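There are 2 protein chains.
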Amino acid sequence: MKNIKIKVPATIANLVCGFDILGMAINEPYDKMEVKLLKTSDIIIHHTDDFGLPVEASKNVAGIVLMKIQEHLNIKNGFELTIHKHIKPGSGLGSSAASAAGAAFAANALLGNILTKEEVVHFAMFGEELASGVRHADNIAPCIYGGITLVKSSDPIDIISLNAPALFVAAVHPQVEVKTSDARQILKKNIQLKDAITQWGNIAGLIAGIEKNDLSLIGRSLNDVIVEPVRSILIPEFETIKRKSLELGALGGGISGSGPSIFMLAEKKETAQKLAHMMKSVYDQIDIDSFVYVSDVNKTGISIEEQNF
Amino acid sequence: MKNIKIKVPATIANLVCGFDILGMAINEPYDKMEVKLLKTSDIIIHHTDDFGLPVEASKNVAGIVLMKIQEHLNIKNGFELTIHKHIKPGSGLGSSAASAAGAAFAANALLGNILTKEEVVHFAMFGEELASGVRHADNIAPCIYGGITLVKSSDPIDIISLNAPALFVAAVHPQVEVKTSDARQILKKNIQLKDAITQWGNIAGLIAGIEKNDLSLIGRSLNDVIVEPVRSILIPEFETIKRKSLELGALGGGISGSGPSIFMLAEKKETAQKLAHMMKSVYDQIDIDSFVYVSDVNKTGISIEEQNF
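Chains A and B, in that order, give the protein sequences.
Position 2 (the first sequence) corresponds to 28 in my numbering; numbering is contiguous.
Position 104 (the second sequence) corresponds to 130 in my numbering; numbering is contiguous.
To be clear, the hints were calculated from the coordinates, so they are not data collected in a lab.
Just so you know, not all the hints are guaranteed correct.
All copies of an identical chain are treated as equivalent in the list; a pair is satisfied when it fits inside any one copy or across any two copies.
With a cut-off of at most 25 Å between alpha-carbon atoms, the simulated PhoX-like pairs for lysine-lysine come out as follows [unchecked claim]: (1) K220 / K205; (2) K325 / K300; (3) K31 / K215.
Here the structure is a predicted model, which is why all the values come from computation and not from measurement.
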């Protein structure tokens, strides 16, 4: 039967000021997935890691996506899926989005690309709903489209691919748990209009900076007066890392998605490497294990490594 | 003594979703101003219109700007200013901004361009403060820079010039009074986070559309869920004009500044002309006098018509 092997990038949602609308794909870390089309209607899931993720299709973010595609398209085939997960669950680097988007992308390829890109996003969002309770596309969209994406609306789906500036990213994943649902619940439901105006000035500046490839403008737009002040409390040493990053030449950065990972953008790879080193040492000093990543922007989204049709 | 004649464009602040941050200069209507450098320290103001604007410098938006420049630069010269005002005061088309920006621009030219563009904006903002009680730059910035501008921050002044798409504008100024200060006071101080997210999705889409020259994206981003629902109540037939405009092919539009003028964007001049005709007839039917304008985007800002140095 037909099978496909794909590489699925990690993603950084929000990009500081763009809460719930912006996301960026990065080349490191990434998952690999192998998907086979089955003659039977089974959905079989294997994990090659020890994260203990569920294998029952309806409880697995990739599985639920495959079930929804099967149901919606009324097909009799099933899928056998093997996930080599390297994007750690709970890192805030789009681990669930990678599984969900990878499953939707692979199934669509195996079925002869019968879905539009927006429909692939639509089905992948069922995985996010299972993972976090919210059908959001801010990690799904960059994972599929690559680069930096704007989710202008998720119902109907309206995704805009933005320019992908030649930037480097340093990210640190401290081994503390921040649940997406908790990170969402602590947000205030009402905000001050004056703060919203500051925020949309920064978002507008960030989009203009991305489109104009103006790194200085990107840097001075990476400010979040609404979400970061609340969520950063959940992340140890957030302020220290942010301050030291700016001292070391980072353009700016903040919480990746709902955390606990922190990311910083830099113009040069060497700066990103220095940032990663500093981040690791900050957590070492307080005996918190951490993983660090240095990456460039992923411009293509999910890529096919091998296919046998 | 030195003198200068300038042409000063009208401006449309907010551009629907960009409350307090975006603005656009248009070619029609415009003011003309003549400014002479005086040997004495007097500030003399003449009006060639019958709007009854004050001539006492400290009470006139252009006059206060000249006073502030005189004071700040510690110069002994004064200015004699003649304003030919065509942008009607209270129209929401940047009438006070034109006077203030024109005065700052002309004074700077007469003094040998000793101020930076940001400093010209800084001084012009004193005029806006006198007019509306708020030191905002969303009309001042496009008036001086031309095209579409983003006021990312007004303290410190951080203004970004955006791409100026080849668009046409239809605007109608119904003869009803909406005071900027009233239009500001009726806004709620707190808004829902979910509405803010919708708004910043639209702003991000609008900026991306402007930079990419994507007129469809501009059109579907011209939605305001925060300010327009409150302020539009002050403008008779707002919903009728908006609905009919979209039916006639407008990309979108809304309240110009704090109103009462309504503007609509169109890809073609003929569409803008049809829109203007429709707008006028809507107000004719309910016996409200109105003025209509059809214009393209002003790309240069204030221009010098004549100078004798």
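Verification of the supplied hints:
{"no.": "1", "hint": "K220 / K205", "result": "between (29 Å within a copy, 20 Å between copies)"}
{"no.": "2", "hint": "K325 / K300", "result": "within (24 Å within a copy, 43 Å between copies)"}
{"no.": "3", "hint": "K31 / K215", "result": "neither (42 Å within a copy, 52 Å between copies)"}
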